[in-house]
Amino acid sequence: MEFLAETKRECEEILGRYPHPEGALLPILHLAMREWGHIPPEAVVYLSTLLGMSPARLQGALTFYPAFRTQPSGRHLIGICCTLSCSLMGATEVESYLCEKLGVEIGQTTADGRFTLTKMECLACCGTAPVMLVDGELHQSLTRVKIDQILERLN
Amino acid sequence: MPEHRLLLRDIDIPDIEQMDMYVTHGGYDAAERMLAEMASQDVIDEVERSGLTGRGGAWEAVAPKWRAMPAPTATEPNYLCVNANESEPGTFRDRKLIERNPHQIVEGVLIAAYAIGARTAYIYVRDGMARGMKLLEDAIAAAYERGLLGVDIRASGYDLDIYVHPGGGAHIAGEETALLEALEGKRAQPRARTFWPHRTTLFGQPALVQNVGTLAYLPHIIARGAEWFSSLGTQRHPGTCVFCVSGHVRRPGLYEIEMGAATLRELIEEYAGGVRQGHQLKAVLPGGAASVVLTADQIDVRLCPEEWAVPGGGPLQGNFGTGGVIVMDETTSMVDAALNLMQFYARESCGQCTPCREGAPWLRDVVRRVERGQARMEDIGLLESVAAQVSPLLGEETLALCRFAPSFAWAMQGFLRAFGEEFAQYIEAGGCPFPQDKGIKVPDSVSVRF
Amino acid sequence: MARIVLNGKEVEAEVGSNLLLAAMVHGVYIPHFCFHPALTTPAHCRLCLTQVEVEGEKALTTACNAAVVDGMVVDTETEAVAKAREDVLEFTLVNHALDCPVCVRAGECELQDYTHSYGRDHSRFDEEKVVRGKKELGTHVQLYADRCIHCSRCVRFCDEVAGTGELDVFQRGAHTAVDVHPDRRLDNRMSGNVIDICPVGALADKDVGARPPVWTLTGVDSICPGCSAGCNVRIDVGAGQVQRLKPRVNLEVNQYWMCDDGRYGWSYVDDAQRLPFPLVEQGGRQVPVSWDEALAVAHNGLDRIRRINGGGAIAVFFSAHLTNEENYLLARLAKEMWGTDQVGMRLTKDVQGDVRFASGFTIRAEKAPNGHGVRALAAGLHMTLLEEEEIWQAMEVGQIRGAFILGGNPQEQLSEREKQALGKLDFLVVQDMMHSELTRRAQVVLSGATFVEKDGTFANEAGRVQLVRQAVALRERALPDWQILQRLAAVAGRDWHWEHPALLLEEMAGEVGGIFAGLSYAVLQEREPDQPRGGFPYGGGWAMRVQRSGFLNIEDHTK
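Chains as they are written, first to last, in the working numbering: chain C, 1 to 155; chain E, 156 to 605; chain Z, 606 to 1164.
These are calculated hints, taken from the structure and not from any lab test.
No incorrect hints appear here.
Calculated cross-link-like contacts (lysine-lysine; reagent style DSS-like; alpha-carbon spacing at most 30 Å): (1) C:8 - E:289; (2) Z:734 - E:341; (3) Z:954 - Z:1024; (4) C:8 - E:341; (5) E:220 - Z:663; (6) E:341 - Z:740; (7) Z:1024 - Z:940; (8) Z:734 - Z:688; (9) E:341 - C:119; (10) Z:940 - Z:954; (11) Z:740 - Z:811; (12) E:341 - E:220; (13) Z:739 - E:341; (14) Z:734 - Z:811; (15) C:119 - Z:734; (16) E:289 - E:341; (17) C:146 - E:289.
Predicted model, so just to flag it, every value in this text is computed and none were measured.
With the rest of the complex left out, here is chain C (with noise of 0.2 Å):
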């Protein structure tokens, strides 16, 4: 497993950054999950030789980030923030209506690969909860329509 020639020159370009290899672990796990969608122990071994460290000690960071996913997922990976002020206005109706709609509890993928959906701790977006994420990106204010508008416009 190795990453496309295009972003191994990302990847040169953001190693350049660090003093150390190491310190560039971060940006280019986040490669990773854009290239592979998750990071499985093959791909920990051959980044671990990108960054100068032992695959163990890869897999512990990477196991420590919730931003990294070490199993595949559906296409589209939905985060529901469930912290205080998000479930002060709703989060826990946002997440059964999800799980509902999608048929699929917290942590699952649907039967069609289309969707994972996941809960996260606070999204710092709370003054216009409740919030979640679709694919990184922020959707604020939710209603049910625009929770089915949003995961409509996605295949």
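Chain C is already provided as a structure; the job is to place chains E and Z on it using the hints.
Chains E and Z in isolation, oriented as in the chain C frame:
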């Protein structure tokens, strides 16, 4: 009521995130003048005279930290690390600043880096802020193009590179030393303090960590002068604070007020419109999830850390928190609220130190039992005891390695102190004692605006 | 030097030195898990919280990452400290599997000991524990993840001492777990050390089988015979047998460690192929005989060659697997009894060379403990050690007719060359501890001892002479090698009676000099880093250092 907008002054100007518009509105004037006329020491002096304190929650004077940085050399550089990992529940101002006025931040970073002689600055932007990160990167690119970043900026002999470093979604990475660990390519675990003030380092070199919201003041201070800035707000904490109000208020949002200019009650009732119609204020978390919850009759405290007198206690530094105010009306179960926060803490604990790793889930589990009606009366005492064991409420000491654990310990004790009755009611009733449906329903089509 | 107050007493400590270690030196033991003097200090177990006051400022702070300054006031006996320890231990036990009755670590577990000494007698935790299960991490190490207390010593060991980085901490919060990368194993050649430094039973030897409880074991200080590094070890004996080897602390030799080859490579001492009695070739078979008979046959056979062909027709092989005292006796036999100068030493060297780890710990290429000792001995007695090849040549052409070979190599193997050469001999005596290709070619086999069955000294690659001690009795009629050689001399009419190798060493100090000059058992014992003497069961290198100060005294807990 009037705000005093400094950081938020230009956020409604269309295209302010573009270089040309920012410059048209006086952007980079401060930085240019600094590069032309001021030495690093002059900048530090100016910031010291301004009295600027950190807005990341610690509220410590900024200039002494800068002065403590050793003079860099070619082989021993300094680093500036900007904390844009905003993840504290109830806080959402850094997102606005980054998404709406990224150049204000770039300029602030340039000023701070210059002051400490750092040639490289990393802006650690939280995961979940993709749009803001892109805007920040664009702003930085534009600054390079304009000759405001890079080599020998404005022929001053000063070089600076600014890089955006994307976070991984861990709240704890916002802790100063955890952020440095994350930048070094490791798990974001805070570093243990020794007895004495210690040097923060990145890859072994001196590093200054500063909150992005603090740095955003620098262009204003350099442009308009320390004297002007120090005339705003209070003597201990000059300037403004961008308060974040969320929860059951009519107008949730950001309100930039001079330090000490308003009370918590005024912020909630007059700026944020008060609780939604037909409801009563029940509880307020005045400083994000790490604060001690207040009851409705305890909110007449002035909004500045030095006058922060917790009811029943004395003045307390630190509990003022990040200025993230979460408002709860009578439809809110305090047990639910406490459980929500303990779940947050258990999930975000880095796990390296024993009291936090084991204590946070323990508290969560017991509160969950209370919520489900599976608790006994003794469990209230247990919650109190375990939380106090981690860190006694408003006490200096903690068993834990960093301030994360005291945050949840105080939050827990705060809920018990103000709403212990409600916990007891849950236990007696064997579940939620309130007849009505709690909380807000997700509306069908129209966003809830009270 | 700084003057500090430690529990009310004014003591001196080096400025900037580690407070936890300084306190230990002065007899104040501060309990801790994650600290280890050979590793970096994350200060995250929080057990070592101590009251420290500097310039009027008091704080409850971790001692493991505090540096001594002049005027410091340290108090480990306050109520706050006692409560902090109770509290931290209660938290530590929250998700710890209470496996004591089935845990191999029971009796030498730091968590057990500290809970007994500093903890509460009950836990208030009544929720569901996080369950992690167990896993084989590598060839030697088993992980019982439910027992892990997340001290991260094993992770830091692999990173900093071994330099191999196989372990890390995965996940976050209460789900943190030590593990290897999914496609990797813990397979560095020092892996067994993580078991020693694990404070609890989370990391354990695989395939331990039934072993007597650790508190019934007796520890005997000795030296590992696996290579020329001379790692200081402790042989733990139970039910009359060797149960395991653990490293002893010696900062100048092996620090706190031993390699897996030595740690797990001693089982040959109990091998079925051990020689229980001397053998003599009779009618094409090797037959057990009495010692008198064996020695008589051996002496007569070699003496005959000496009389007919001269002393130069006898070859003598020293052994780097045997002690200095034993080789010295053989040297005297060679000189005085057989008058031969055809002396050599067979020595296995790993073609890969020395294996050096990140911390400097090195597994030596020379796969015997006393090569340097033999070389120093030969030099001191003005005996030239011939190249092996020279001796084989001389055997081939019939110049050498007989040989006396000291064996002792558990990996004994004859090369084709050796087989050829030895096949030409009229008479071969082999003194060894196990049947092998070598012993099967001998006319007389003298059954000797392994390193656990005798006293003596080895000299490591740096010329450091160290004490080897008998830990278990010899089987049946096997004898310590130094006794065999004396008895052989007696058969020839020599009046040698050194009652103990200590007396031999004393003679060597004068007769041989060199690295032996000025040595005696008293001197060597003095040089040994303080370790408790036999009878104290405990785990691993670090715990032993703690034991040294007398504060982790398991004996008390059995009273």
